[in-house]
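Undergrad: With the hints as your guide, set chain D onto chain Y.
Protein chains in written order, with our numbering: chain Y, 3 to 525; chain D, 417 to 817.
It cannot be assumed that every hint is accurate.
[Stated by the list, open to error] Heads up, simulated DSSO-like pairs for lysine-lysine below, C-alpha to C-alpha not over 27 Å straight-line: (1) 258/Y / 700/D; (2) 758/D / 800/D; (3) 510/Y / 714/D; (4) 258/Y / 5/Y; (5) 295/Y / 700/D; (6) 277/Y / 700/D.
Everything labelled a hint here was simulated from the structure, so no lab data went into it.
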Amino acid sequence: MIKSILIIGAGHNSLVCAAYLAKAGFQVTVFEAADRVGGAAITREFHPGFRVSAGAHLLYLLDEGISRELGLESHGLSMAKTGMDTISLDPGGNHVRISGAGVHGVSAQDQAAMKEYHRLINRFAGVIGALHNRVPPRMGTTNRVDLLALARIGWNIRKLGKNDMREFLRIAGINMFDVLQEKFDSELLKGALSLDGTLGTFLGARSNNSVFCALHRLSNGGRYSLPAGGMGAVSEAIAGAARANGAEIHTSRPVKSILMDFDHVSGVELESGEKIEADYIISGADPKTTYFKLLGPQNLEAGFAHRVNNIRSRGNVAKLHLALRGVPEFTGLDASLTGERLVIAPSLQYVEHAFNHAKYGEYSAHPVLEITIPSLHDDTFAPAGRHVLSANVQWAPRELKAGWSEAKAAFQETVIDTLAAYAPGIRTQILHMELLTPQDIEAEFRITGGHWHHGELALDQSMMMRPVPGAAQYATPVTGLWMCGAGCHPGGGVMGSAGRNAAQALMKSVGKSVGEIRRVKET
Amino acid sequence: MRTVHFDSREHYKNKVFPSPFHSRQAELNQKKQWGRWFDYLSVNEYYCETMEYFAGRNSCGVFDLTPMTKHLITGPDALAFLNRLVTREVAKIKPGRVGYAVWCTDEGQVIDDGTIFHLREGTYRMCSQEHQIDWLSINAVGFDVTIVEDTHDVAAVALQGPTSCATLKRMGLAGVENITPFGLDYFDFEGTELMVSRTGFTGDLGYELWIHPDYAETMWDRVFEAGKLHNIRPMGSNALELLRIEAAYIMAGEEFMPAMQTVRPTHTRSPFELGLGWLVDFNKPNFNGRRALLSEKKNGSRYALVRLDIEDNKAANHSYVYDSKGKNIGWVTSAMWSPSAKKNIALATVEAPHGEIGEDMKVEIYYQRELKWSRKMARAIVVKDAFWNPPRRRQTPPADF
Chain Y
3 MIKSILIIGA
13 GHNSLVCAAY
23 LAKAGFQVTV
33 FEAADRVGGA
43 AITREFHPGF
53 RVSAGAHLLY
63 LLDEGISREL
73 GLESHGLSMA
83 KTGMDTISLD
93 PGGNHVRISG
103 AGVHGVSAQD
113 QAAMKEYHRL
123 INRFAGVIGA
133 LHNRVPPRMG
143 TTNRVDLLAL
153 ARIGWNIRKL
163 GKNDMREFLR
173 IAGINMFDVL
183 QEKFDSELLK
193 GALSLDGTLG
203 TFLGARSNNS
213 VFCALHRLSN
223 GGRYSLPAGG
233 MGAVSEAIAG
243 AARANGAEIH
253 TSRPVKSILM
263 DFDHVSGVEL
273 ESGEKIEADY
283 IISGADPKTT
293 YFKLLGPQNL
303 EAGFAHRVNN
313 IRSRGNVAKL
323 HLALRGVPEF
333 TGLDASLTGE
343 RLVIAPSLQY
353 VEHAFNHAKY
363 GEYSAHPVLE
373 ITIPSLHDDT
383 FAPAGRHVLS
393 ANVQWAPREL
403 KAGWSEAKAA
413 FQETVIDTLA
423 AYAPGIRTQI
433 LHMELLTPQD
443 IEAEFRITGG
453 HWHHGELALD
463 QSMMMRPVPG
473 AAQYATPVTG
483 LWMCGAGCHP
493 GGGVMGSAGR
503 NAAQALMKSV
513 GKSVGEIRRV
523 KET
Chain D
417 MRTVHFDSRE
427 HYKNKVFPSP
437 FHSRQAELNQ
447 KKQWGRWFDY
457 LSVNEYYCET
467 MEYFAGRNSC
477 GVFDLTPMTK
487 HLITGPDALA
497 FLNRLVTREV
507 AKIKPGRVGY
517 AVWCTDEGQV
527 IDDGTIFHLR
537 EGTYRMCSQE
547 HQIDWLSINA
557 VGFDVTIVED
567 THDVAAVALQ
577 GPTSCATLKR
587 MGLAGVENIT
597 PFGLDYFDFE
607 GTELMVSRTG
617 FTGDLGYELW
627 IHPDYAETMW
637 DRVFEAGKLH
647 NIRPMGSNAL
657 ELLRIEAAYI
667 MAGEEFMPAM
677 QTVRPTHTRS
687 PFELGLGWLV
697 DFNKPNFNGR
707 RALLSEKKNG
717 SRYALVRLDI
727 EDNKAANHSY
737 VYDSKGKNIG
747 WVTSAMWSPS
757 AKKNIALATV
767 EAPHGEIGED
777 MKVEIYYQRE
787 LKWSRKMARA
797 IVVKDAFWNP
807 PRRRQTPPAD
817 F
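Isolated chain Y (complex conformation) (with noise of 0.2 Å):
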């Protein structure tokens, strides 16, 4: 009997987890809300002509394994751009240019200081980056693979040797700021470093955490692309290759709420009144919105519940999109690496202030930005000769005192005022801006709180502890109900681990190899 599964959500996650299970010859139907695949990866028009990758815009963690396997290329899946640098951009004009280990724009000092710290870092990275994927070990059994796991998580820190383990253990609990601090000295080259670790939580430079936030984002080499077609791409390929493993994905099917049968899930009922039988549900959704709006807390037991409710989620990056008269200028800044990932975050004090209105409930008086402009690199983007500007823009809290819908026109000002500051003409150039708030993302990509990661990223909600103990390994405590998204180890980034992850440990658990399935299926 092939069993079937019912996936919710059509994120790039999910739709990882459908090619693998569909390749093993499960019978998969994905279910997603909006009207395209990809979640928080897609591209789509915000003006007309202008098309931007909505939510994420650089592809840094897609895992090379999943790449690879489902062949993802021959999906359609090319770059138009690799290997970005990162410029720090100067309001002066005299920028620092990042390329990997090397360093333009500052002392030599700072420059042979860079290569060491890039070796450690990418060195930390990686271990890190090792337990990506593999489902995560659970705590305080017996079990001989928990087990062993936990020792190969040891062994790799201990592989380290004696002086850069003890570098690892001793800053991959603390902050950037002191990191950073102990290295460097130019001020635009720490802060544009220290968005490594805050880009997209509520951590500024100098909260604990986030060095571990910057060990995730550069597990895979820290290396920028931009897809061509933008990230939109990216889940078309991989919803390719679902679909030709035997998924079916059905967009625009809003699943409301998921169906028990006594102890055990049966399915799920959409919006529309339809209800789906299923032997499995997996959901890409987050935590939160899985267990609490589509499950309901009553089908939970109380401690269980309660973790899931202290999950901290709270979005903290608001999306600027810009459609541009032309290619913006930046006073001093060459021409020709306008399309690079420029960052604004010109010392470490500047991203420490802007974290701190973020404590108090308020937007950053002078935020940080990530800027590209991808129109530089992909013409599908905007019309010949217009451009389009994508920025991330933090702090921008969910919870904001003054309320959203009274200060969003008056961040808005401060934003492009913050670009003014970079890019002079800027202003005349801009025919049409959309400001994605956290609570604007949390309806477009339903993410309870508008955060990236489904839930931020700290050690306290990593590997077997993510989303919460007792669900780490992608199976929840409600028989027939897992999950597959970054609310699961590993996290967020479009990465696909925890997609393919949730898949091996399902197909795991019903015991049966791949090829046994695929048998069952052929006979």
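TA: Chain D alone, transformed into the frame defined by chain Y:
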């Protein structure tokens, strides 16, 4: 309403409150044996522990249970909330009825036990040994339910013993004799509402009286006035402890460690390990601890709580328990010489698979006579029934003794 707001800056000055019956208790408390029971001053012993105990078995003892933690649970989801919280089927507790219940962590370990009073359709009072408002609030997420800890808003006494019904009738509570065990009814008392439930912690005929604290003293006076001819006596917590051991009722902190206060992971107990398997209803699709308890039912429990009938008359408090071959298999949790059952009795925790009815065990009793310590290995038999369980406990209407 007297609900105390502990967020007041002055709360520390008033950590322990006098009970609404305090003026009357102070008069009767000849031994000045005051104790603390959570937020209240409570009497351990009024004049003689033994005499107070005998009032509970032979006439009528009055025990102040105001300090017991009480919660009022209302709202459209009250039943669903309680059903997820406790292991038993709460729908079976009809309006006007009371049910004993136990509630667990997700791991199936007992947090506390208590009683659920279905006061009126959809309105419940839950009484517990321990403070539970934190856990109840955690449980409320996702339910349309209102939970108020109203310990301070209700004055309550237990009236326990064979002449308790006669006393209430003489007090003028017409029809009180028709209340069946675990039933409750309402009466007019000087213009306010008096709730009487046929419940208690003594395993005997007995009632509990619940009223607004403003009427507490008047009610106390009227009860004692009516009980004069029925040998009514105040009863302290020491006497109640003896009565509840005879009834084989378990007590948090003695028979089990409340899970929320337990640090060592193996020191908690499941309902099965406390002999409360009859309270676990797997016909409910979901309740806290269900999965863990299903697995325990399949794979076996670690412990059993047993009732021991021990030879001789030396109370076996704090004794080790051995199997017939002399292997240490557990310990006594509560013990006494039972004057009513005329037996040397104990409740004990033993390791699985021990605990079969009729199983032969030994307890190691240390006892002191004029300072000299002696030790005795006494034979103990596991018995099925509670040590004290008289027919009058169930008889409706009860006879006038």
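Undergrad: A separate judgement is required for each hint: does it hold in the structure or not?
TA: We went through each hint and held it up to the structure:
1. 258/Y / 700/D: Satisfied, since the Cα-Cα distance of roughly 24 Å is no more than 27 Å.
2. 758/D / 800/D: Distance ~17 Å between residue 758/D and residue 800/D Cα, so the pair holds.
3. 510/Y / 714/D: holds (24 Å)
4. 258/Y / 5/Y: holds (23 Å)
5. 295/Y / 700/D: holds (22 Å)
6. 277/Y / 700/D: The hint holds at about 24 Å.
The earlier numbered hints are all upheld by this structure, with none contradicted.
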